Each structure stands twice: as structure tokens, then as C-alpha cells.
Amino acid sequence: MSPKIGIIGAGKLGTALARMFAGSYENVAIINSRAPDSLKLQLQILLPGVQAMEVHELIKWADIIILATPLRQYQTLPLSEMAGKIVVDAMNYWSPVDGKIAEFEKYADSSSELIAQSIPGARIVKTLNTVAYSELEEHALPKGDEKRRAIALAGDDTDANALVAQLIDAIGFDAVTIGMLKNGTLLQPDTELFNVRVTADEMYAVLDRLQKV
Amino acid sequence: MEIGVYSFGDVQRTKDNKLGSTSDATKNLLEAIQYADKVGLDFFGVGEHHTEYFPASSPATIIAAAAATTKRIKLGSAVSVLSTDDPVRVFQQYSTANIISGGRVEYIAGRGSSTESFPLFGYELKDYEALYNEKLELLLQLNSLGKNESFSWDGKFRPTLNNAKIVPQSDEPFKIWLATGGNPQSSINAAVHGLPIAYAIIGGHVSRFKPLTDLYRAAAEQYGPEGFTPEVSFAVPGFVADDAKDAKDTFWKHWHWTMATLGKVRGFAAPSREHYDYESNEDGALFAGDPEEIARRMVEAHTQFGVTRIFLQMDVGQMPQEKFLHAIELLAKVVKPRVAEMLKETKHES
Chain C
0 MSPKIGIIGA GKLGTALARM FAGSYENVAI INSRAPDSLK LQLQILLPGV QAMEVHELIK
60 WADIIILATP LRQYQTLPLS EMAGKIVVDA MNYWSPVDGK IAEFEKYADS SSELIAQSIP
120 GARIVKTLNT VAYSELEEHA LPKGDEKRRA IALAGDDTDA NALVAQLIDA IGFDAVTIGM
180 LKNGTLLQPD TELFNVRVTA DEMYAVLDRL QKV
Chain D
0 MEIGVYSFGD VQRTKDNKLG STSDATKNLL EAIQYADKVG LDFFGVGEHH TEYFPASSPA
60 TIIAAAAATT KRIKLGSAVS VLSTDDPVRV FQQYSTANII SGGRVEYIAG RGSSTESFPL
120 FGYELKDYEA LYNEKLELLL QLNSLGKNES FSWDGKFRPT LNNAKIVPQS DEPFKIWLAT
180 GGNPQSSINA AVHGLPIAYA IIGGHVSRFK PLTDLYRAAA EQYGPEGFTP EVSFAVPGFV
240 ADDAKDAKDT FWKHWHWTMA TLGKVRGFAA PSREHYDYES NEDGALFAGD PEEIARRMVE
300 AHTQFGVTRI FLQMDVGQMP QEKFLHAIEL LAKVVKPRVA EMLKETKHES
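So the protein lines, in turn, are chains C and D. For the first sequence, counting from 1, position 89 maps to 88 in numbering that gives the first Met the number 0; every step adds exactly one. For the second sequence, counting from 1, position 345 maps to 344 in numbering that gives the first Met the number 0; every step adds exactly one.
Bound conformation, chain C alone (with noise of 0.2 Å):
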């Protein structure tokens, strides 16, 4: 059964993911930070065949959720809710632009271990966090093809990373696992990973490089 699809955010990054899923995925869900109803304009003009939701609704109803809101405001959702759910992590820390937040500074290890701390039992795979919203749908390509761009994943549960994995593919990335939550660390703004344009061959050498799995 294809899996219900649940976007948190309605900017630039989770419009331009809800409407590439809604081309393989028929459960595709969408919330802004308003209600339901302010969105009806976007899902007819930019987003044919996906629903908004109020955000209990969408979490109790999807089977991966996903983060696509600024990092500055994902405590303000309710996310005991999101406890038993596949959550994938496509936020940044990323001080330069967003500015500096004192948890996530003093905080060494990657920004996604953080963030399942305060979202226990939800099943954490980070990604798409590495590309500019504007390639994902410019650079999407059929499998197979050899140009094809890689994007990476890191999670600590290997049927969610799996899953996500197949998640990737539909949009037209081929997915490269790199291991546990905590590698996400080499996904984050100023690694070799971030925002690089790449095939999965390509990655596999970096990680080869930086010998980390």
C-alpha cells in the first residue's frame, strides 16, 4: 500500500517536496503554520492532488512525516504526537543564515540526534536537507540514467531508512544510506555533502575519502 505522506511546512522546500511525491504517491498531505484553508489556493494553482490538513490530523494520519520547516520552529509543534512515526529530519542548523539558537550551538553531535531527543520513540532518517529546493525538481532524473544526482540519508532504524530510500528513488534520486543518525553530522551546511551536486558513485568515493563508513 502506497504510504500517507505528511509535509510539515508550505514554503519553498516542502511545496516543491509535496508536489514531486504527489507524482508517485497518492496520499500526500501538506500543513502550514496557518490554517488548513489558507492553503486552498496553493494546492489548486501548485499542488494538484495534495490535501491540507490541521496539524493533529496530518500527524495521526500520516506514515512519514516530514520536517520541512525552519529549524526555529519545529518545538513549537506537538511532537509527543509523532512518537512510532517515520520523521524525516530535511532541517538545518544553519547559524550563518538562520542565526545562531543556544541548544543547537552548545551541541556537538548532529543536529538531528538533538532533535529525535525531543521527539522520543519517533523514528528519525535525516535528509533532503542537503539540496537547494530549486534543483530538486530541475535535476530529478529516471533511474537508470547515469547522471543521475545522489541524495543521502542517515538514520538509526533500517526499515524506516529503507523506506525513505525507496522515497528518494520515486522522486528521481538515488538514495546512498550513510549509516546512523549520528552521521548526520556529514550531512550538515559545511561538509563535503552539503548542497554538492553528485552521482551515487561520486558520493561513495567521498565517503571512501573521509573513511567514515
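Treat the hints as calculated values from the structure; they're not laboratory data.
Okay, the calculated beta carbon distance ranges per label pair:
#	chain 1	residue 1	chain 2	residue 2	range
1	D	305	C	79	45 to 51 Å
2	C	168	D	264	29 to 35 Å
3	D	155	C	3	35 to 41 Å
Calculated Cβ distances over 10 Å to all of chain C for the following chain D residues:
#	residue
4	144
5	156
6	227
Below, simulated SDA-like cross-link-like pairs (lysine to any residue); rule was C-alpha separation at most 25 Å, straight line:
#	chain 1	residue 1	chain 2	residue 2
7	D	125	C	96
8	D	37	D	329
9	D	263	C	202
10	C	59	C	84
As the structure is a prediction and not an experimental result, all values here were calculated from the model. Every residue gets a Cβ at the ideal spot worked out from N, C-alpha and C, and that includes glycine.
Given chain C, put chain D in place with the hints provided.
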């Protein structure tokens, strides 16, 4: 169709290849605006930035200086970071410059994709959206006041105003645009407020913005004020030279420097030449080419999106001033008439 330029006040290289002074950059910027007016360009925008290589931190001041020393060109911020400014002060500055210019001044309100002004002026990024929404509301109200009308205001981010007089007022309000880099809600906001919209398309393909301009027009129809006519402009990086290859190679060098420098600060990899070629050809966001190619692409944007103004950021990464001025001249004297000619032909054909 209006054709223009925007600049962040690019700093030059000195003869011994060091980064030049912000003082010289400021003088160069004013010179470029005056030259653009002389050769007949339609619009010049000054974009607020606070770095040693983009020092145009105070667009209102440059615009006021240009207002007094130019004759026809429209002048605007492109963009100002309204979120970290005081709308009362913004109104006074742009109103003053508008009076001096004889009604040629515009204000393009941005949220700030570069966020240096937030710590500089003591604002917090957690208020990013709330700041912009409140300040835009206040500025729009100020700009629609009747003659000598007293004004009261109560908001979260500035002191309360009680029957205040906000002066001077120009005979007609200055034009206010809403700027956006592609967040869908911004397109709706512009339409709801009945504002013209300026899309900054700085990467990827231009056609990516088609759904957004459709959204803006649909929102204008559904939620816009009565009698409001939507108006769309595009701001793109680009460069014009007599020869196409020279234009693309020259812009590559300077654009790449800028992206690599920004990448170092923000932690992303510098784009490759292959990536640049992808974005500077056909439908790409970078309008670098000879006058014929740029004219053709502007006409395409007009036909495809109903765009009525396109303005290029040409002086990036220490673009030599003489190349910048020559590009301005080409835009005004070759591209502009060629665009007019092509639009006329298109009309005849249809």
C-alpha cells in the same frame, strides 16, 4: 517593458589586486546610476547588504543622492530589509527622495535572504515572519494616509504612535513592491495587499516561477483589492557584453567568486562551471550573453509570465567599473530597443 539594473554596491579590485575600499564602491555605485540615467535605462535598484564586498547598507541614502542628480530613471531599493528597519523612518526617507526625484522613487520590501541586518540592529531571527508582516502593514498604512492626516498605531515591534504626524508626504505615494525569492505564501501576500511583485530568481530555471506567477494572479483575482491590476517584475543576476562568449566568461569569473565567498561563510560548495553553463543558457536564471540573446530572453519572459520589468545584477565579485558601465550602456542602447522591436513583431504576428 522596462529594463533595469540592480546593485549591492560591488567593491572593486585595486591595481595591486587587493579588495578595494567601500568608499570607492559607494562612489562607483552613484556614478553607475547617473550613467544609467544618461544612457536611458528605465530602472536602477540598490540592494541593502552589510558586507565588505557588498557595502550598499543604506539604499535610501544613495537613492536620495541619485534622485537629485538624475532626470528620468526610476530609482528603488532592490531590496531593503524592511524587517529590521523602522517603517516610519523608511516612509520618511523614501517619501523625501520621492519628492526630490519628482515621483521616480520606489520601495521594494524584502524579508532579507541575507540576514546580517538582524544582529546588527538588534532583531531576532525567530521573529523573521512576524517582523516582516507587522512592518509591511505599518508602511502600507503610512503610505496611504490622507494629506496631513494624523496617525495612530499599536504593534509589537515599535513604540505606539498616538496621533502622530508623519512628514513629508509626496504628492502621490511612492510605489511599494513586495519582493520574494519563491515562497508561495509571499505571492499570495502581495496579491492580498494589492501590491506589485518582484521575483528574485537567482538560480535554477526561470520557468520554475511560472506556477508562482500563476498563483499571484489567481490570488489577485480572488483576494486582491477591487480594481487591482497585478504587476510582475523579475530580478536576475546577469551580464551583457558585445560578444556572447566574453559575456558568459566574464560573468562566470565574477559570479563564481561571489558564490565561492558566500559558500565559505554559509558552508556550501562553490558551483562548478558546468553548473554555471546550465544556469546561464536557455531557460537559466543567469542572464549572461550578448545583447541579442538577452533581448530574446527578456521577450520570452514577457510573453511567458507577463513580466513588465526585468532588472539585472551585473556588478558582482569585483566587476571592473568600466565593464559594468559598458554593460549598462548595452542594456539601454542595444537591448532595450531590440526588445521593443521584438515585442512589436510578436504583436504583429499574433
